[in-house]
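Visitor: Using numbering that gives the first Met the number 0, you'd call the opening residue of the sequence shown number 0 and step up by one each time.
Just to be clear, a hint being listed does not mean it is correct.
Ranges between beta-carbon positions, derived for each pair [to be verified]:
#1 His56 - Asp135: 18 to 24 Å
#2 Ser119 - Asp240: 30 to 36 Å
#3 Trp239 - Glu165: 40 to 46 Å
#4 His62 - Arg252: 18 to 24 Å
#5 Phe1 - Ser119: 42 to 48 Å
DSBU-like mimics (lysine-lysine), calculated; alpha carbons at most 35 Å apart, straight line [as the list claims (entries may be wrong)]:
#6 Lys83 - Lys281
#7 Lys194 - Lys162
#8 Lys115 - Lys281
#9 Lys283 - Lys162
#10 Lys57 - Lys281
#11 Lys83 - Lys197
#12 Lys57 - Lys115
#13 Lys235 - Lys143
#14 Lys194 - Lys235
#15 Lys121 - Lys283
#16 Lys235 - Lys281
#17 Lys143 - Lys189
#18 Lys235 - Lys197
Rather than coming from a laboratory, the hints here were simulated on the basis of the structure.
The C-beta atom is built at its ideal place from N, Cα and C for all residues, glycine as well.
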Amino acid sequence: MFFSIVIPTYNRQPILEKCLLALEHQQLTSNSVVTDYEVVLVDDGSTDGTLEWLESHKEEFPHVRSHSQDHMGPAAARNLGVEKATGDTIIFIDSDLVVTEQFLQAHADALVQGEKQLGSNKLFTYGAVINTCNFDNPTSEPYKITDFSAAYFATGNVAIARKWLEQAGLFDTRFQLYGWEDLELGVRLKQLGLKLIKCPEAVGYHWHPAFALEQIPRMIDQEIQRGRMGVLFYQKHPTWDVRLMIQMTLLHRILWGTLSLGGLLNERTMAPFLQYLINQGKPKLALEIARIFLNWYNVQGVYAAYAQMQQEV
């Protein structure tokens, strides 16, 4: 088993360094089925000097093979990574994920055990993702209930045989904005009959800066983008399950409309309270409360994009 770890990156150089260093310190057992591994890094048009930094530090990252493209989004970047990969098994992680030393071995063991249990190689493994704001020591963060994910296929930490990706058709590059490109591929993988094998021993720590008010405009824009991409997801797979995933239901309109008081609770009216929580050392709580109006923006984005789609039909 030869692993190709495909990582798209865009303006993430400081945390990318930690990501790549962790991958250079993998510990494989003496009888491991992993013969070797490579890290296929695809720079998606970064403007922060990522490629120049990597070139000047390449001796620190012997497993890394870097490629670049114009800024076309993570779907196109991951496709390029798979195209350039030489391994028979692909692992997708994000460039702000810092993994443990047993990460690769855990995925390998789970793939082998899963095939034995299922009596089939139609499977992939999904590791644990723990969110953290601790840049200096991200792997010290404990697991929290908010780290739970019910996603079937998400590219934050997943290992899959290359042949299944190619048979499913890789990522749809029309997903150029934020969100859904991985879950949409997951629908196609499920249609091929692939089974999800949870692999909690393959732990990755997803770093992001502590919540601050200046992040809110970007987060609102991401929610609107996610709404637009959600409608593209629904166009491809017009099912009730997808409607639930992208929050395109009357229930979601009522829920977030009610909780946000029809948008009266928003980034402006809630700013003083959110800042108070942040000042009290509770940025995580502030973020969870901010999700009330962020989800309202998402639902509005979904229905605006759906109305536009209907007009274009």
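Visitor: Would you say the C-beta atoms of Trp239 and Glu165 sit inside 40 to 46 Å of each other?
Guide: violated, 29 Å
Visitor: State, for the Cβ atoms of Phe1 and Ser119, whether the hinted interval 42 to 48 Å holds or is violated.
Guide: 21 Å Cβ-Cβ, so the 42 to 48 Å window is violated.
Visitor: Hint says 18 to 24 Å; check whether the CB-CB distance for His56 and Asp135 agrees.
Guide: holds, 19 Å
Visitor: Check the following: the C-beta atoms of His62 and Arg252 are separated by a distance inside 18 to 24 Å.
Guide: Violated, since His62 and Arg252 (Cβ atoms, about 48 Å apart) do not stay within the stated range.
Visitor: Given the hint that Lys194 pairs with Lys162, does the C-alpha gap stay at or below 35 Å?
Guide: holds, 15 Å
Visitor: Going straight from one Cα to the other, do Lys83 and Lys197 come out at no more than 35 Å?
Guide: Distance ~27 Å between Lys83 and Lys197 Cα, so the pair holds.
Visitor: Would the hint linking Lys143 and Lys189 be met if the CA-CA limit is 35 Å?
Guide: Roughly 28 Å separates the two Cα atoms, so the pair holds.
Visitor: With a cut-off of 35 Å on the C-alpha distance, tell me whether Lys57 and Lys281 pass.
Guide: violated, 39 Å
Visitor: Lys283 and Lys162 were given as a pair; does the straight-line alpha-carbon distance stay at or below 35 Å?
Guide: violated, 40 Å
Visitor: Can you confirm whether the C-alpha distance between Lys235 and Lys281 stays at or below 35 Å?
Guide: violated, 40 Å
Visitor: Between Ser119 and Asp240, is the Cβ distance one that fits in 30 to 36 Å?
Guide: At 23 Å between Cβs, range violated.
Visitor: Is the straight-line distance between the alpha-carbon of Lys115 and that of Lys281 35 Å or less?
Guide: violated, 45 Å
The structure fails hints 2, 3, 4, 5, 6, 8, 9, 10, 12, 15, 16 (numbered hints given earlier, in ascending order).
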